[in-house]
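Engineer: Each chain is listed here by its residues.
Number of protein chains: 2
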Amino acid sequence: MKIALDALGGDFGARPNVLGALQAAKKLNLDVILVGDEAVLRQELANLGYAKEPEHISIVHAPDTIDMAAEPAKECRNKKNASIIVCANLVHKKEADAFVSAGHSGATMVAALFGLGRIKGVQRPAIATPMPTYKGVSLLLDGGANADCKPIHLLQFAVMGSAYMQKVFDIPAPSVGVLSIGEEETKGNMLVKHTVPHMREIGVNFKGTVEGRDVNTGETDVIVCDGFVGNIVLKLAEGLAKTMIAMIKREVKKRPLAILGALLSKGAFKAVKKHTNPDCYGGAPLVGVNGVAIISHGKSNDFAIFNALKTAARLVEKNFVGDIAAKMAALKPTFDNLEKEIHQENH
Amino acid sequence: MKIALDALGGDFGARPNVLGALQAAKKLNLDVILVGDEAVLRQELANLGYAKEPEHISIVHAPDTIDMAAEPAKECRNKKNASIIVCANLVHKKEADAFVSAGHSGATMVAALFGLGRIKGVQRPAIATPMPTYKGVSLLLDGGANADCKPIHLLQFAVMGSAYMQKVFDIPAPSVGVLSIGEEETKGNMLVKHTVPHMREIGVNFKGTVEGRDVNTGETDVIVCDGFVGNIVLKLAEGLAKTMIAMIKREVKKRPLAILGALLSKGAFKAVKKHTNPDCYGGAPLVGVNGVAIISHGKSNDFAIFNALKTAARLVEKNFVGDIAAKMAALKPTFDNLEKEIHQENH
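Protein sequence lines correspond, in order, to chains S and V. Taking the numbering used here, the leading residue of the first sequence gets 583, the next gets one more, and so forth. Taking the numbering used here, the leading residue of the second sequence gets 583, the next gets one more, and so forth.
The hints are simulated quantities; they were obtained by calculation from the structure and are not laboratory data. Warning: the hint list may mix true and false statements.
Just so you know, same-sequence chains aren't split out, so a pair can sit in one copy or run between any two.
Said to hold, decoys possible - Below 25 Å or equal to it, Euclidean Cα-Cα: the simulated DSS-like pairs (lysine-lysine) are: (1) K922 x K852; (2) K835 x K717; (3) K789 x K824; (4) K749 x K662; (5) K817 x K662; (6) K922 x K634; (7) K855 x K817; (8) K835 x K852; (9) K848 x K662; (10) K817 x K584; (11) K656 x K769; (12) K922 x K717; (13) K856 x K881; (14) K775 x K922; (15) K900 x K775; (16) K824 x K835.
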């Protein structure tokens, strides 16, 4: 199996990407194509002691770089030789089975959409983000691909998210919740009110609405919301966890006994940190595009890249894209019908 | 000054309400009217050693109870003698200067709206919730009163939230952020995109958009969003903080040394808990109604009730309602104009 890696993507340049690729090649026997400026990548390999590409590793030259500040769609159209565009094209031309990028997530999304297209029947691909919870891990989607959504989009996210939790986390009938306010199904905003009544018609294991306070307890395996709310939830959770640790440290430093206490409790804190480390969960796939595309965190280290490559391989192996295509085909009459119904409810 | 208290409101019945009222009477010289079933309240006072109402405390009988599961508007219309309705009416008849309730927040909102009406020019009253941050406290609004909002609502929330931080937290020019995704002002959902360009026209100290990760660092004094997003943010922050503490405890318990360490660090954890305790911040006022109405947490203890009464008194003293009325009157031409402009942008 061959995975294309946007090898200069992310905040730390080539190093974590190349290291992650080397580990995936060694431990998983994956063929990894490093996509990016060839000279830079060769230099990085040389720095790591490789005079030429080691086994399972190849390089595809892609000299352009995406300007993070510019409009992603425009950048992707103008820069055919940007690494992320080349990655998507390798998958499109079947020269790679999947791609992974820790680069600009907006650009990755556009590249995947342009290069791979959508699975038939999918209206809006979504970023499916694994979130650590008290019980284990839940999948939140959409994590930020679509700031404004319609009920039909949320219903499709539920189908795709369930498929992902089945394939990657081996959960036979993943439970699904719609993120809302209040436990009653009559509460929520217009989007939620028009989504919830139809959740039981699409063959997912729907458990009702979940409130903000249920997100991190792991109430449901899949949590569905629009990309605006989803992105705020993800960033808030990340930020709040850091703020709490910073607050604890600030107070510990004021107390000599507490400093000793913190040293003794270090193992417990490390275990929590490990469990809540997003690097473990293999990045966030863009579900709904016609190919496997994984968005990894901009701050990905080699371990995160390794895990993203591993997830990509697993999705290919399990025929994730084919599975969603089959589900969407089977649900086509239902979705066509629902769209009419929801349209009437709104007018 | 007289404050009406929904004395049976909240999850713990009369006890924390009566205790909070007694403290406010003693420490702040506030006159508190306990509103609720008279027999129950007299019994509670007797249990606390008072044969009759102590100084500054009076009772107004209100025998009906609001059914939490029922539709708030209907309940409020049918139950004229429910404590929350009586509270709002006492303020309306000027027999009290403000009211506080830890009861059903939906019912409190409806009671305040029916009983007090809106301040002229305010389209939608909002729940303004103080949130603990790394730096201190920020005010988030709307905390859940309006699940679907228009740009004009968010703009008015910014004006009212700024006035609150000026009056209650003595911040001369509170900074204001619009909660969004991405730092660029061009990102966000349609609501945010149509709100942000007008934020500089309404005389608040606008700092741009803030991301989810900035909420708990205390980036801005006021954070504006719709009530759906706001409620999810509040509940998520509350839930995540609890989940993290539970995770740390779980790991500590597995390690004998860490148990000792946790004992030694106890003071630091207590300080963090104290700083992040929502009970300190005096409840969440419903801003925009024509009177002072404070919603306290359902799980309020006597300390939380005391602080909510204190905040209510402060808002009355500082003429918070008059201040907002003056600001809304001064901004009337601006808001009229903005409404037309935004309408045109949308069509």
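Engineer: Next step is simple, just say for each hint if it's right about the structure.
Structural biologist: Here's how the hints hold up against the structure:
no.	hint	in the structure
1	K922 x K852	neither (52 Å within a copy, 55 Å between copies)
2	K835 x K717	between (31 Å within a copy, 17 Å between copies)
3	K789 x K824	between (31 Å within a copy, 23 Å between copies)
4	K749 x K662	neither (33 Å within a copy, 56 Å between copies)
5	K817 x K662	neither (31 Å within a copy, 44 Å between copies)
6	K922 x K634	neither (58 Å within a copy, 65 Å between copies)
7	K855 x K817	both (17 Å within a copy, 22 Å between copies)
8	K835 x K852	both (18 Å within a copy, 14 Å between copies)
9	K848 x K662	neither (49 Å within a copy, 57 Å between copies)
10	K817 x K584	neither (32 Å within a copy, 43 Å between copies)
11	K656 x K769	between (40 Å within a copy, 15 Å between copies)
12	K922 x K717	neither (39 Å within a copy, 50 Å between copies)
13	K856 x K881	within (16 Å within a copy, 33 Å between copies)
14	K775 x K922	within (16 Å within a copy, 29 Å between copies)
15	K900 x K775	neither (34 Å within a copy, 40 Å between copies)
16	K824 x K835	both (16 Å within a copy, 23 Å between copies)
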